[in-house]
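Asks: Single-letter residue listing:
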Amino acid sequence: MEPFTILTSIAVPLDRSNVDTDAIIPKQFLKKIERTGFGKHLFHEWRYIDYEGMHENPDFILNKPPFRKAKILLARDNFGCGSSREHAPWALYDYGFRCIIAPSFADIFYNNCIKNGILPVTLKADEMDELFAVAAFGGSGLIAVDLDKQVVGAASKKFAFQIEAFNKECLLRGLDQIGWTLQHAGKIDAFEAAIAVSKPWLK
Amino acid sequence: MGKTMYQKIWDAHLVHDGEGTASLLYVDRHLVHEVTSPQAFEGLRATGRKVRCPQKTFATMDHNVPTRSRDLASTNEISRAQLDQLKKNCDAFGIKCFDLNDDDQGVVHIIGPELGITQPGMIIVCGDSHTATHGALGALAFGIGTSEVEHVLATQTLQQKPSKTMLININGRIADGVTSKDIILYVIGMIGTAGATGYIIEYAGDVIRGMSMEGRMTICNMSIEAGARAGMIAPDDKTFTYLQGRDHSPKGDHWVKAVTYWKTLASDRDASFDKVVDIKAEAILPQVTWGTSPGQVTAVNSQVPDPAQFKDPAEKTAAINALRYMGLEPGRKITDIKIDVVFIGSCTNGRIEDLRAAAAVIKGKKVAAGVQALIVPGSGRVKRYAEREGLDKIFTDAGCEWRYAGCSMCLAMNDDQLTPGQRCASTSNRNFEGRQGPGGRTHLMSPEMAAAAAVTGHITDIREFIKRG
Chain E
0 MEPFTILTSI AVPLDRSNVD TDAIIPKQFL KKIERTGFGK HLFHEWRYID
50 YEGMHENPDF ILNKPPFRKA KILLARDNFG CGSSREHAPW ALYDYGFRCI
100 IAPSFADIFY NNCIKNGILP VTLKADEMDE LFAVAAFGGS GLIAVDLDKQ
150 VVGAASKKFA FQIEAFNKEC LLRGLDQIGW TLQHAGKIDA FEAAIAVSKP
200 WLK
Chain L
0 MGKTMYQKIW DAHLVHDGEG TASLLYVDRH LVHEVTSPQA FEGLRATGRK
50 VRCPQKTFAT MDHNVPTRSR DLASTNEISR AQLDQLKKNC DAFGIKCFDL
100 NDDDQGVVHI IGPELGITQP GMIIVCGDSH TATHGALGAL AFGIGTSEVE
150 HVLATQTLQQ KPSKTMLINI NGRIADGVTS KDIILYVIGM IGTAGATGYI
200 IEYAGDVIRG MSMEGRMTIC NMSIEAGARA GMIAPDDKTF TYLQGRDHSP
250 KGDHWVKAVT YWKTLASDRD ASFDKVVDIK AEAILPQVTW GTSPGQVTAV
300 NSQVPDPAQF KDPAEKTAAI NALRYMGLEP GRKITDIKID VVFIGSCTNG
350 RIEDLRAAAA VIKGKKVAAG VQALIVPGSG RVKRYAEREG LDKIFTDAGC
400 EWRYAGCSMC LAMNDDQLTP GQRCASTSNR NFEGRQGPGG RTHLMSPEMA
450 AAAAVTGHIT DIREFIKRG
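Same order as they appear, the protein sequences are chains E and L.
Numbering of the first sequence is given in numbering that gives the first Met the number 0, commencing with residue 0 and proceeding in unit increments.
Numbering of the second sequence is given in numbering that gives the first Met the number 0, commencing with residue 0 and proceeding in unit increments.
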């Protein structure tokens with residue numbers, strides 16, 4: 000996993016709340032058995048006017064020229080709700096997004112982002128309004144996200160954000176979390192030995 | 000201070016205490032399906048890791064399976080590749096797989112309880128957000144992403160931090176025509192689709208105690224639609240009676256030991272919750288969604304709301320977008336909404352009691368002209384029980400299609416899909432844009448009301464329908 004340190008990019012202002020994972024990656028594209036290649040179908044039903052995805056919808060914000068290269072996505076409340084499909088962060092990452100900033104995220108989606116090198120940043124609604132205003136400038140509306148300092152900078156403003164220490168460490172170092180857990184393999188063995196005695200029906 | 004059921008289960012599964020950062024919890028049962036697992040197995044292969052406890056892992060084919068027949072040739076190449084891959088992965092790693100040839104294949108959240116794989120006090124995970132269903136038996140059960148599926152396969156543990164707890168008490172007398180589906184839709188409408196984000200919900204109160212096990216499963220199933228990763232209900236004698244004698248339930252001496260332990264799981268009387276919500280059952284009427292989010296829900300005897308009446312600007316915008324997508328205008332009576340398709344099934348409402356309830360409504364009547372009605376049992380076992388009771392005959396005599404088990408039109412990954420603009424009375428759990436097929440429009444409701452809609456061709460108040468006879 001690629002480490003996340005500092006990211007400076009223009010941002011796509013997606014002015015919607017309750018963006019669900021069905022909207023992020025519709026189910027007809029969940030049949031692949033690899034992790035890659037989902038970016039083309041990100042926001043498929045909003046991004047294209049045809050089912051096959053041959054013709055872009057020019058009105059959709061992602062298709063407007065200044066926003067095409069953005070690595071930061073701005074959205075409103077409860078981003079990533081619905082299905083637990085990790086294809087959603089895979090699609091966002093494959094498309095090129097590295098950071099999503101919203102007032103709130105659905106739990107499972109938030110975890111799925113962390114595990115895939117995408118930084119989910121939670122800011123207050125009024126701070127989001129200021130970022131949306133900056134992002135509206137398109138090519139000149141740069142936003143800087145510094146994970147180590149836990150701060151988002153836009154225009155002359157700086158907004159601090161919270162992230163759990165372990166999640167921060169994983170993103171900063173691009174950690175393999177299974178590797179981390181297996182350091183505790185001895186404790187897992189001991190736990191299994193204990194429940195084999197105390198709860199024998201669970202074997 | 001006493002402990003909540005959530006806290007008790009957490010404590011009993013703590014392998015490593017992260018003290019504020021990630022803790023490691025032991026996973027008792029891991030359920031796997033074809034859509035969210037292939038990349039996890041690929042990850043194991045790439046790193047040379049094994050499945051730590053194949054005997055605690057169960058796989059089924061559900062999301063992507065054909066329901067017209069069990070013939071994989073009837074499905075497309077990519078779907079088939081995904082189903083084949085699950086079988087190959089299970090064979091290679093020694094995992095039991097309920098494939099299409101298995102009599103007990105079915106929707107993962109139907110077969111877990113049905114086979115007794117799901118038991119009180121367990122931690123159960125699955126790469127699917129409706130895993131909360133299993134909480135109805137007093138388990139802590141929640142959905143995980145594919146990276147976590149790989150993590151559980153490799154380590155039988157999960158990195159977690161504690162959630163907040165919410166107690167939802169539902170007391171009082173349930174009105175006629177109101178089902179567990181109406182109750183959970185009402186709860187979601189009341190607290191909002193993000194109302195329980197960051198929380199684990201425990202449902203309690205007379206109404207929950209009086210409810211069947213399957214009704215409780217419908218309640219816990221849709222916890223995620225209120226934002227909660229898990230919903231749970233304290234196990235009681237009903238739970239134990241439900242589990243006794245099932246294929247994977249403890250037997251003999253183990254059964255006695257297990258029940259003794261299960262009786263200690265309920266939240267202590269003096270346990271404290273981060274939030275408590277009290278609901279009067281009398282206030283709940285049969286519910287129908289009008290929008291594209293499960294929280295956009297109202298009573299069946301009311302009207303499509305006017306977005307102008309929403310105070311919150313985000314809710315107002317969402318309502319405007321939803322009505323545009325749904326092709327509805329404010330003020331239309333809900334019961335004047337005509338439907339094209341009826342879908343009865345899913346992990347929310349695909350169990351035998353759901354099919355019995357729908358069959359009782361539809362018995363001796365005919366599906367309205369121009370309406371397609373799909374009845375999709377949640378599992379092979381539900382299908383067999385229904386056929387033994389003659390429910391299949393009631394449905395097919397009425398003009399419904401009687402299908403094989405699968406997720407089917409709940410998420411329309413197989414060929415059971417709405418066409419653009421088609422409107423569906425559905426017993427499933429999500430009414431998102433395009434969920435049941437691109438451009439399709441979904442109204443969520445109970446099996447009884449979906450069956451009534453099949454007969455009348457429009458959304459129907461089940462109370463009026465029964466009165467008319």
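Simulated from the structure, these hints should not be mistaken for lab results.
Misleading hints may appear alongside valid ones.
Beta-carbon label-pair distances, calculated as ranges [what the hints assert, rightly or not]:
(1) GLY1/L - PRO57/E: 37 to 45 Å
(2) ARG67/L - LEU141/E: 47 to 55 Å
(3) ARG245/L - GLY178/E: 34 to 42 Å
(4) VAL275/L - PRO199/E: 33 to 41 Å
(5) PRO57/E - ARG208/L: 33 to 41 Å
Just so it is clear, the structure is predicted and the values come from calculations on it, not from any experiment.
Cβ coordinates follow ideal geometry from the N, Cα and C atoms, glycine included.
Asks: Hint by hint, note whether the structure agrees.
Replies: Results for each hint:
1. GLY1/L - PRO57/E: 37 to 45 Å: Roughly 60 Å apart at Cβ, these two residues miss the hinted range, so it is violated.
2. ARG67/L - LEU141/E: 47 to 55 Å: holds (54 Å)
3. ARG245/L - GLY178/E: 34 to 42 Å: Since the Cβ atoms of ARG245/L and GLY178/E sit about 38 Å apart, the hinted range of 34 to 42 Å holds.
4. VAL275/L - PRO199/E: 33 to 41 Å: holds (37 Å)
5. PRO57/E - ARG208/L: 33 to 41 Å: For PRO57/E and ARG208/L the Cβ distance comes to about 56 Å; the hint is violated.
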